[in-house]
Amino acid sequence: MPSFFAVRLQDGRLYGSLIDILHNGAPLALAALGMTLVIATRGIDLSVGTVVAISGAVACTWIASSPDPASPGTALTGIGLALALAAALGAWNGFLVARLGIQPIIATLVLMTAGRGLAQLVTDGQIITVNNGFFAGISGSALLAVPLTVVVAAAVYALVALVTRRTALGTLVEAVGINPEASRLAGVRSQSIVWTVYVFAALCAAVAGLMISSNVNAADANNAGLWLELDAILAVVIGGTSLAGGRYSIAGTLLGALTIQTLTTTIYSVGIPPEVSLVFKALVVILVFLAQAPKVRALMRRRRRRRDDAPPPAATAVPAETAGSGR
Amino acid sequence: MFAGGGLRYESFASGQVLLNLLIDNSFLVVLAVGMTFVILTGGIDLSVGSVVALSTMVAAALLRAGWSPVLVMLVVLVGGAVFGLAMGAVIHYLEIQPFIVTLAGMFLARGLCYVIDLESIPIDDPLFRTIAQTAVPLGGELFVSPSVLVATVVVAIAVYVLHLTRFGRTVYAVGGNPQSAMLMGLRVAQARVGVYVISGACSALAGLLFTFYMLSGYSLHAVGMELDAIAAVVIGGTLLTGGSGFVLGSVLGVLVLGTIQTILSFEGTLSSWWSRIVIGLLLLVFVVLQRVLARRGVA
Amino acid sequence: MTGISVAFGPVQALQSVDLRLHPGEVHALMGENGAGKSTLIKTLTGVHPVDAGEIRVRGEPVAFAGPAAAQAAGISTVYQEVNLCPNLSVGENLLLGREPRRAGRIDWRGVRRRAAEVLGRLHLDVDPSSPLGAHSIALQQLVAIARAVEVEARVLVLDEPTSSLDASEVAELFRVVRRLRESGVAILFVSHFIEQVFEISDRMTVLRNGRLVGEYATADISRRQLVSAMVGRELEVLEQLDRAPAEPAADAEPPVLAATGLGRRGAIEPVDLAVRPGEVVGLAGLLGSGRTELARLLFGADRADTGELTVGGRPVRLRTPRAAIDAGIAFSPEDRKAEGVVADLSVRANIVLAMQASRGWMRRIPRRKQDELARRWIELLDIRPADPDALLGNLSGGNQQKVLLARWLITQPRLLILDEPTRGIDVGAKAQIQALVAEQAREGTAVVFISAELDEVVRLSDRVLVLRDRRPVAQLAGEDVELDRVMELIATGGGARA
Amino acid sequence: GGGGGGGGATAPGAGAGGEALTLGFSQVGAESGWRTANTKSVQDAAGAAGIELQFSDAQQKQENQIKAIRSFIQQRVDVIAFSPVVESGWDTVLMEAKRANIPVILTDRAVDSTDTTLYKTFLGSDFVEEGRKAGQWLVEDTAGGSGPVNIVELQGTTGSAPAIDRQEGFAETIAQNPDLKVIASQTGDFTRSGGRQVMEAFLKTHPDIDVLYAHNDDMGLGAIEAIEAAGKVPGTDIKIITVDAVKDGMQALADGKINYIVECNPLLGPQLMDLVKKVAAGEEVPQRVVTEETTFDTAAAKAALPSRQY
Ligand SMILES: Nc1ncnc2c1ncn2[C@@H]1O[C@H](COP(=O)(O)OP(=O)(O)OP(=O)(O)O)[C@@H](O)[C@H]1O
Ligand SMILES: Nc1ncnc2c1ncn2[C@@H]1O[C@H](COP(=O)(O)OP(=O)(O)OP(=O)(O)O)[C@@H](O)[C@H]1O
Ligand SMILES: [Mg+2]
Ligand SMILES: [Mg+2]
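Chains as they are written, first to last, in the working numbering: chain A, 20 to 346; chain B, 925 to 1223; chain C, 966 to 1463; chain D, 198 to 507.
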């Protein structure tokens, strides 16, 4: 009887449902990480899904159309191109938001709409299949038996945690998000901070896009990253960051992304029919938020206080609950 | 922009094309009106597209089951309002972010569509068909659909409510500063829950108009329409942070989006991807234009 | 109110406090910053739930669900920070929630008429249809008061209504308060201006650290007794209040900052101003005279249309606050809630914010240094609670103000622009801050000082620039800096300079 | 031509001879490689046949398609063709076209109007039949086999016509053999990523999968990645049946990773242009024209691959 929790070694790589969750959750986790910082500055980035598509399209098209489509060098150039283009797109978002003062949701909606067209333009509307060992390795290879995607995502998280902790970036991002005017008057370079977070978000999305397209060795300009921005925002909010900007939690976002991926994988694994899976997802989201809502928790605590006085934090109950529904 | 279209395509600037803009977007106007209320309080409603789909589904399914069309319309409208009420109550009383609550609402409504039926359901109820195919003449060769009239009435009511009732002013106050509004002793709860009820009802109404437009119920209708509605409201000059904006601006926003579509369909040579790129660029042009105008207005 | 206790997590904001309010009296609620005055008021009107204790209105026990319920029961309140909607017009803010209606819809003509009437009663000359946010914080405060007075309430609660008002507005307000008292309204009044309290109140309740110290009849208590009741010990600093720490201006040195013809259309007409190291220049004027506007131009918070600026003799263009900060200028804004406080960050982060910003995000101030700075300034300014990790938004108004001062003082600027730095600060702390400003000046910092309290301006300044109707009227220096002279200029315009 | 020249509004710059036919074509979108090939085929064929094409992309939205058809009517094109996003709800706009005397041809997907005079003909595949063909191959392949056969199914986008029909046709056919059992069925949204993720989950919960039936090649290709990652051999350990026969799928079939593909031909262009000319000339055309479609096994794929265009 296979178990949801079983993990074994297969061809030098860990194998099991839990590994799938980490592996498939890595792109979402990365996209959500970028989104966290954007949201912390009171922004929002609807274009991450599109950037996912563009980066995959650019890398795969470059590789497929090069004279030597199997060489690592080609793959590296393609990856470099994808990242550079993503950075430029992020800067574009930053320009619209920080310089022109356009509301973030609409500024990034422009790229969300036009970008997918751009990705299709690059791929000529085809699904571009590549056969490049190096490129396939982004998602196919493993470091010490851990899938490279998981390693990369973990490394980026660690890096961001370190940078925001060790430099003043974290505090300044929060300050800009909490009170932009006060921050401006205190001399914070809010414009460049806003540019930075949008560029970073786009880079995260690009890496996610590379992972997604490497996973199937193909670029699908139309479907890659479709609606990923909503899942990313959801992950950020599950993680406890307010959409009003200000204080954010990187660890929370990670937990949020994994929760969402666990939910998806669970739906596939336990055989919930597709026609009710959305209702199921909605109910779980509602439950998670009810369990987290300070108001509800206060009510529960008040009721529980009479009996015992150590309520378990609801956030940790989330993975347990979803894992419990796997058999 | 419109003039540009007129120069470029002969039949573009004809009066009926303008009216068609309204006919083809009446449901979006109604959606945008509801969304304007929500955004004015600083909230957001992501569920509207799915509620539109659910409304088409419920209407089609009930008609198929032999219900009377008038009753069906009532059920749909009340259902939408109740759906909004539930979301608003959770948002206000349990203090959960609107984005999330309405996102869950979006999943739920779309999911319920699938539960009702996976396939599209045609509607052949005579009343629905009549409404769908009636053309209200405006003199000359011009005509509009009944949906346009409904949308016009909705806009008028919204303007009235927002500018001439205490509820409407409270909506603005809550959007400006919810804390202050509470300390000023305003009925914050009523406003914050109320806007979601309005938005829910508007979505259901838009769903009905959409049903007239399509004469079918389908679970994949109106995917992503919430973004259109939000975009229309924001292009119309309403601040997403709340407290500032006008319903008529949102109507203008809808017309901008509609114009973009019309320009595209007249430019019949664009490939799929160029259509998307052009939509994005036109959107950008309008947004920047609006921004420049707004700045000039302030200075 | 009897036995009221309120706690915010570990902070016991109020402990078993009693308060009695009689009809037809003005009752002052006194205490240092953070003593619990605002909390008590918010408890009374149902903003905060009580942990223990009982509230009775005319003998009936009540528990208001919120301000709306309190209002319905006849309690009308002006909370400490201005709590209005800046996006709406002045008239609407006055009447929001009780607009005159005709046939169920708002009668806008009636709203305008009614608003003009209410504003007229306080002798306010503003256009009721102008957006509230466009006005200075002082005017907003007056609108909030007008709103509270407009309802014929039985109880009127005023939490620091006069913190940014100058003498004439205060007089106007007191006229209204007296009239209300005569008609039997009970008035609860909070202020850090001891003189005002003695002028208007009949009785007072004193809080200290969330506990009740006592209730006194105003006639029976001296200023000195009151202050020691509030502070809990004899306060020598009070005596220092009379000491004028004015330093002679060093004319020889080049000005830190010199403005010639600096102006902005619609905000302030061209001004010439030079500030030398070690000099305190006061800006005096009435509400709306353009002091804040001038300060913002000097700091680059708004862009000037005309005029030139030199810093240290070199011409500069201050397009952004950032440029001003790089030039060694610091600015503590008047509207602390909107422009100063980063509410959800800790006291520590708020204190080091400006310093950190000027270092750039790469070079973080080491944690040890941050702690040291925070601890030193918390102690120096007596910020309470003395917890660097507390969120600034949870501090009382006066303590927030101190944190903002600390933010700028640690950057050791060459020019310090202080717009109403003592707003909402208690007597003890006010003296401390004044002493601090004087000390900064002694150490060579140039200071531009704005305060609604003319006393304070005159006492601290070496030179005073008098503004009237957004125009510079006169500059007084040395012996001429004198209260009567300044008041006369403000009132008449003098006609000396242009 | 049927009501053509009335408005005389041909797009500027058309120039070439007054008699050029104008075809308004409203495409669903560009949601898949199949669709792109379909679009390209229509465009190329129009060029070759000297028909002026007004092309409009509906971005998968029915309302956009309705708007496009309305604008075709206003521009008074000679013939309208479109691939409906969804079956229902076309009566109103088709009625308008009929009133304007513009003949309509449906491509790829049908509409469920009871009034069949609203359109001249429907040119396209039969999705149910495709499902049946897939099932039929499996029935034959497992005939005489021993014991139960565990099938997993990767469905297309929930609610879409091809997903519903291909599932229906398949289920109906395999019911012949009680040994054939669908043990899991989940949507992979017609995408490779979806196919891979769902297959990964299937592989973990069901160790004994014998057959995979995917509603299109792309999901099948994604699933192959998952099967290989699980250390199994696609085509051998798990037999794979898909629909579409796009180039990448054919390659996998030729490589033995897929066992059987039911063709769903996107190259409707030439057939469509023939029909356009006929209806414009007022000739009678059959109500239903089924696309010429075949099925492929490995050998057939090897033969067809070199000349495969999409
Ligand atoms: N929401 C809150 N969360 C935590 N602590 C709070 C909160 N509100 C007030 N406090 C604390 O309660 C105490 C009393 O604050 P309060 O605002 O009542 O003081 P105050 O007497 O009005 O002072 P001030 O004269 O400065 O306005 C302070 O220590 C303050 O930090
Ligand atoms: N954008 C604006 N529109 C209309 N009035 C304005 C605008 N900006 C400022 N004002 C008015 O200009 C006047 C000058 O403001 P300022 O804040 O400089 O006065 P001040 O001397 O600092 O007085 P105080 O701070 O005591 O109110 C105020 O009456 C203010 O309401
Ligand atoms: Mg206070
Ligand atoms: Mg001022």
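These aren't lab readings, by the way, just hints derived from the structure by calculation.
Some hints here could point you the wrong way.
As the list claims (entries may be wrong) - Below are the SDA-like pairs computed for lysine to any residue, each with C-alpha atoms no more than 25 Å apart in a straight line: (1) C:K1302 x A:P199; (2) A:K314 x C:K1334; (3) C:K1302 x A:L37; (4) D:K429 x A:L37; (5) C:K1334 x A:L37; (6) D:K474 x B:L946.
Of the numbered hints stated previously, which ones are contradicted by the structure, given in increasing order? 2, 3, 5, 6
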